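Guided by the hints, dock chain B onto chain A, whose structure is given.
Number of protein chains: 2
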Amino acid sequence: MHYNLALIGFGNVARSLARLLLRKQDLLKTQYDVTFSFTGISTGRHGCAVNPDGLDIEQALGLVESGKSLSPLSTFHIDDSPSVIKHSSAHVMFENSPVNTQTGQPALDHIRTALELGMHAITANKGPVVHGYRELTALAKTKEKTFGFESTVLGGSPVFSVFRETFPLAELSSFKGILNATTNIILSRMENGESYENAVKYCQSVGVAETDPTNDVDGWDAAIKVAALITVLMDTPFTPQQVNPIGIRGITRDMIEKASAEGKRYKLVCSVEKTGEAIHARVAPELVDSSSPLYGMMNSSTGISFRTDVLPDYSITVSEREGMAGGPVETAYGLFADFVNVARSEIMST
Amino acid sequence: MHYNLALIGFGNVARSLARLLLRKQDLLKTQYDVTFSFTGISTGRHGCAVNPDGLDIEQALGLVESGKSLSPLSTFHIDDSPSVIKHSSAHVMFENSPVNTQTGQPALDHIRTALELGMHAITANKGPVVHGYRELTALAKTKEKTFGFESTVLGGSPVFSVFRETFPLAELSSFKGILNATTNIILSRMENGESYENAVKYCQSVGVAETDPTNDVDGWDAAIKVAALITVLMDTPFTPQQVNPIGIRGITRDMIEKASAEGKRYKLVCSVEKTGEAIHARVAPELVDSSSPLYGMMNSSTGISFRTDVLPDYSITVSEREGMAGGPVETAYGLFADFVNVARSEIMST
Numbered sequence: 001m002h003y004n005l006a007l008i009g010f011g012n013v014a015r016s017l018a019r020l021l022l023r024k025q026d027l028l029k030t031q032y033d034v035t036f037s038f039t040g041i042s043t044g045r046h047g048c049a050v051n052p053d054g055l056d057i058e059q060a061l062g063l064v065e066s067g068k069s070l071s072p073l074s075t076f077h078i079d080d081s082p083s084v085i086k087h088s089s090a091h092v093m094f095e096n097s098p099v100n101t102q103t104g105q106p107a108l109d110h111i112r113t114a115l116e117l118g119m120h121a122i123t124a125n126k127g128p129v130v131h132g133y134r135e136l137t138a139l140a141k142t143k144e145k146t147f148g149f150e151s152t153v154l155g156g157s158p159v160f161s162v163f164r165e166t167f168p169l170a171e172l173s174s175f176k177g178i179l180n181a182t183t184n185i186i187l188s189r190m191e192n193g194e195s196y197e198n199a200v201k202y203c204q205s206v207g208v209a210e211t212d213p214t215n216d217v218d219g220w221d222a223a224i225k226v227a228a229l230i231t232v233l234m235d236t237p238f239t240p241q242q243v244n245p246i247g248i249r250g251i252t253r254d255m256i257e258k259a260s261a262e263g264k265r266y267k268l269v270c271s272v273e274k275t276g277e278a279i280h281a282r283v284a285p286e287l288v289d290s291s292s293p294l295y296g297m298m299n300s301s302t303g304i305s306f307r308t309d310v311l312p313d314y315s316i317t318v319s320e321r322e323g324m325a326g327g328p329v330e331t332a333y334g335l336f337a338d339f340v341n342v343a344r345s346e347i348m349s350t
Numbered sequence: 001m002h003y004n005l006a007l008i009g010f011g012n013v014a015r016s017l018a019r020l021l022l023r024k025q026d027l028l029k030t031q032y033d034v035t036f037s038f039t040g041i042s043t044g045r046h047g048c049a050v051n052p053d054g055l056d057i058e059q060a061l062g063l064v065e066s067g068k069s070l071s072p073l074s075t076f077h078i079d080d081s082p083s084v085i086k087h088s089s090a091h092v093m094f095e096n097s098p099v100n101t102q103t104g105q106p107a108l109d110h111i112r113t114a115l116e117l118g119m120h121a122i123t124a125n126k127g128p129v130v131h132g133y134r135e136l137t138a139l140a141k142t143k144e145k146t147f148g149f150e151s152t153v154l155g156g157s158p159v160f161s162v163f164r165e166t167f168p169l170a171e172l173s174s175f176k177g178i179l180n181a182t183t184n185i186i187l188s189r190m191e192n193g194e195s196y197e198n199a200v201k202y203c204q205s206v207g208v209a210e211t212d213p214t215n216d217v218d219g220w221d222a223a224i225k226v227a228a229l230i231t232v233l234m235d236t237p238f239t240p241q242q243v244n245p246i247g248i249r250g251i252t253r254d255m256i257e258k259a260s261a262e263g264k265r266y267k268l269v270c271s272v273e274k275t276g277e278a279i280h281a282r283v284a285p286e287l288v289d290s291s292s293p294l295y296g297m298m299n300s301s302t303g304i305s306f307r308t309d310v311l312p313d314y315s316i317t318v319s320e321r322e323g324m325a326g327g328p329v330e331t332a333y334g335l336f337a338d339f340v341n342v343a344r345s346e347i348m349s350t
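Top to bottom, those sequences are chains A and B.
Numbered by this note's numbering, the letters in the first sequence go through residues 1 to 350 in order.
Numbered by this note's numbering, the letters in the second sequence go through residues 1 to 350 in order.
Worth flagging that the hints you see were computed from the coordinates, not collected in a lab.
Treat the hints with care, since some could be wrong.
Which copy? The list can't say, so a pair holds if one copy fits it or any two copies do.
Distance condition first, Cα-Cα at most 30 angstroms in a straight line; then the derived BS3-like pairs of lysine-lysine [claimed, not checked]:
{"#": "1", "residue 1": "K141", "residue 2": "K274"}
{"#": "2", "residue 1": "K68", "residue 2": "K274"}
{"#": "3", "residue 1": "K141", "residue 2": "K29"}
{"#": "4", "residue 1": "K29", "residue 2": "K143"}
Small disclaimer: the values here were computed from a predicted structure and weren't measured.
Pulled out of the complex, with its shape left as it was, chain A reads as follows (with noise of 0.2 angstroms):
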């Protein structure tokens, strides 16, 4: 089984994938006979390129990275996503475009325009699945191919795929977390001793908040996740205007100390009860004590906990770890995961 790909999206998210696939391809090769090439690249800032006969991804990754464009690898001119998609060839779409909470777009278009053509479509975006779930599912299931969305919530991490493949027939009546690491992070470094706007700056250094931090500090990264959470395993539209998030700027410094003196933490708290067909979803800083599965999540560390009718509460940690950060590489493992689900019930079914 030979796939095409296409990486609608080029940065770090995608790159990682790209790396992730060739780390893995003798594996690939081995235990699903799966190989693969990449026939089409869309980027931001550096060009597109297209060849149905597969594109040298070494040679793009390293245009890319020392600032080049992408156009001298391409069969022909090319120069916007859509075009991209319908000239690759591709049998599967990885969509990576910036995240656009609002609408979606152009990420839910991507998607569509990829499994109307009868692609696979696989994102690490949480647009779409908040603003496009049911239909691009529904699409998705008319032309028999995957809509995957594993990396959107948790990094990378297995979150969706563990509701869908491991609890079958249970009832998901409430979940709480921590979804986003970036506060998190901010918290920790609060808690011990560090101002609000020297870890906002640490933040930014290494990568993990952006120039403006509001999506993070805000709670709207959180929101968006609670909602594409709901949206999916609740299977009730839902969107983070709904969830109207309290963020952390009210937590000082002398809030986050009286607390520690009681043995509590203040968390950026997710959480979301289902009473009959009512769902209220809460994103806010709580004080946890010792007692509480949060707790003990510190900087990066972010996880959830399920409560179901047929098991005890089931709770899934992601945590820091040294070189392991729930960075770009981990993100890409979750489209790679999905890639590979896709593959593999393909070849069952044949």
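For chain B alone, coordinates are given in the frame of chain A:
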């Protein structure tokens, strides 16, 4: 799709499974168009019953729970498990006979028989996983059937399926966890001032420890779970004897008090590391501090952390919660999940 089910072993877990199937039968029908009937039941002390047209399961539950024999329900005389399997016309055989850590028998033979007859075989019994994983998996593959054992570790909560379904092509290098609830309850109660003897008695009174608590307190239950995890997840046959566990009998109240004063706790820690082809496994009491994800696992809470080449450390924690303590009802969900996954994949492939 209609499934005939045989229950080999009809203790707490199997009876909970029967009740769970009844509770979820409408969902099974509406979501997957799956129906089922019970066509064979074999018990340790209440006889056996077979009826290929379907037994009255409510009646069977009533008979056994009031100490009566099942034989009046049987369409013909039958009095051993292999015969029940052979004459049940079952599509799925659930094996829940008592665990035999030394040989895996008779569960191993029951599963072999069922698979050879073209049935799916699903078990909560660790014995056949440790003593027959490769053989039974190969046999199941030949027959295009499933050998399912999700409920053998973490008491029914997903762990094997998480790895199988959601971590494709990840390399597992180590794992660490608390896998035995009984010893964790004992250590938690000792930390609250109870004596070892009284803590054991408490566990016996609520049914989590047997009259002879050796299997739990000397680490053998944890060791067989470790062996099962290594055997399956690292695809390397491993026995509890190779784990050679150290139990908790040597831990005194004095030691626990001293640890507590230093902010530490004793836990019966299971840890496994793979270096090249060598696997080093250990089950022993260890001191953990509050930076460890194991520190917060109290009473019947259990859990496991996985280290792979692709993600930060990924931990699953199953936390005690009122009314759900990882007993037979929850173990039954693991059996149920294996069954639903069998049915789902058969539906998908038709």
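Run the structure past the numbered hints and jot down the numbers of the failing ones, going up.
2
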